[in-house]
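Q: So the chains spell out like this:
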Amino acid sequence: MELVVLILKIYLSLTAVIMIVYFIRHLLFTLNRLFGEQRYYYQDILDSELPTVSVLVPMHNEEKVAADILDLLISAEYPQDKLEIIPINDHSTDNTKKIVNKYARQHPIIKPLHRTRGKRGKPAGLNEALKIVTSEIVIVFDADYLPPKGILRDMAVAFKDPEVGAMMGRVVPINTPKNLLTRLLDLERSSGYQVDQQARYNMKLIPQYGGTVGGFRRETFISLGGFDEDVLSEDTELTYKFFVNGWKVIYASRVECYEEVPEEWKSRAGQIKRWARGHSQVMFKYLWPVLKSPRISIWEKIDGTLLLCIYAVPFLISIGIAASLALFFIGEMQIVESIFLFFLVVVYHTFGNFAPFNQIGMAALLDGMTYRTRLIPFIFFVFLYNLWNASLGFINALVDFVSRREVSWQKTDRFRRKSKGMK
Amino acid sequence: MKKNQIYYHRSHRKLTFFWKRFTVEFLLLVPPSCLFVFFLFPVLTYKATSFIIRFIPPENAVSTLGITAKPFLFSEVYGPDLIGKYPSPLFSLFVFLAAILIVFIVSKMKIPKPIAMWVYFICLVHLVSSLFFIFLPSRFPYNLQQFSELFIKTEIIIWIFIPVVLGVSLLPLPSSIISKFIAVILALIYAIVFGLVRYVLFVYILLKFSYIFTAPLFFCFGPFIDFISIVGVYAFYLSLISRKINQDLRIWSWSY
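Residue numbers (the numbering used here), protein chains in the order written: chain A, 1 to 423; chain B, 1 to 256.
Hints listed in this document are in silico derivations from the structure and should not be mistaken for laboratory results.
Mixed in with the good hints there might be a few duds.
What the hints assert, rightly or not - With a cut-off of at most 30 Å between alpha-carbon atoms, the simulated DSSO-like pairs for lysine-lysine come out as follows:
1) 204(A) - 20(B)
2) 108(B) - 178(A)
3) 285(A) - 248(A)
Based on the sequences and whatever the hints tell you, model everything.
A: Structure representation (structure tokens):
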């Protein structure tokens, strides 16, 4: 029994140390974003020699949203002779094919790719599209996104910098007022982009390519092996693939695009599980390459490692709660009786969003939110929910890693009314 | 539409950090608040314990006074010297079955999943506790005195940390020092009052309904709950500040 107690105490102490490390990381991000010098993106560069761009839009049963994004991309004000739009109709069984074909007949720059064979999923679809694309730059939008005018130019101009392998824009929820979940997700997105991504860009760490509202160099990425079709977070994989090979991923806070966040808890659970699983798959694949890569600075390695392991933390906390419950009944609560327990609670209380409450608060302040900041305490209620779903995702990734099983893609539900392409 | 003023875009706007002002405000607020808790907690715990003792049947008291003092943070923390109640096997079984029933009912109800998760968690702790008292009641490692000591010590640590956490979070904001002080002091007073009320309530529950609720009270309604009020004060204050400074160009800086 003494050995069990010792192991549990060591485990809890280590978990507390890990939480403190993440707390310090996010505190530094918050201070940097709030008070530090902000690093610009390239949106102020004007250049008539824009690169050729292929916009890929993965679609699986997207009849509710397909027409909206195609309309917006057509009017996105990029030179038409340098632009092609490739909707990737990935095994859709609804009217997506019909909508896409209708647009293709009307607009020659729309060149649909209909996939009916092969593996389904975003990475597989993107890989197949990369085989037919000829442009220098590939830009990806998820089908529920609403790109504004000028966004393609703002995104493409980043690749004038020869060190840039990929870039990422900012995602802003459009359906925020819908319900409590969408409002909380708006706070989460605000924290993730306004503080986390911008601070990592400011501090020359590892801003993350997010798989949508992002672009990358086609030839370079293909030469690095393209997307691993068994990884659910193709975006995280792309980020690390570029970094370990000496390329930079940059963040463009000024390049904003609207998205539709989940409006139902069930969809949100699926999203967290998929992100946690995919992200952790990348952790197993890239942890060692990141640590040994000679092309990454020491600070990038530290941040890259912490970013890779972030979805392992909810799992560690879940075990930590079970361990503290066991210690409680064994009568060995001294270890969590004071400062340790306090840190456990304080630091990770708002970790449903992987950020302490003051990071979310500062992001909301910078974004100009007023009354919505009063919802921050409600994040408490999603703490266990996020902890549970992220832990499940991590466990799935662990099983994927050990068993080498094949994974299947689960897309997030859409909530928009059917768009005009359906009329 | 004509614009009289062009505001900074949110992408690169920032605030200026005033080190000297922050340091002075921090020193004026945090150490005195911590010292306030430090010097006050013996009195507070003594008063709360006296209040408890007044309403406790004499058969539950161990010593004549019914109050025990334990050393803590260079001072003493007071707690009730009382004997709690062990649950009967039947009551433990009842709690076990009730927890399972609640899990079943909630799983069938259409309530938001995050709330359901909290109910499941509370039920899980009740399940573990009831199983413990069904099979190993004699191995339960706490008596009421030890549990109340554990709870109140955790609370005191939280009280001491509230000015630190809120001070670090609020003091850099561009608002008046008075308003920040009021926010921190209110949060602290609320936490102390709420902590003491729960302290008394927990002792009452353990005396009246047995030790089976020790773990649920600590894990589900203990320090977790304190944090909501801390974040609540922070969020409310932030909403007021944000509204005030949002369109004030004197406060915001651009990029550098």
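Q: Hint by hint, say whether it matches the structure.
A: Checked hints:
1. 204(A) - 20(B): At roughly 28 Å apart (the allowed maximum being 30 Å), residue 20(B) and residue 204(A) satisfy the hint.
2. 108(B) - 178(A): Distance of about 25 Å is within 30 Å: holds.
3. 285(A) - 248(A): Satisfied, since the Cα-Cα distance of roughly 19 Å is no more than 30 Å.
When held up to the earlier numbered hints, the structure conflicts with none and fits them all.
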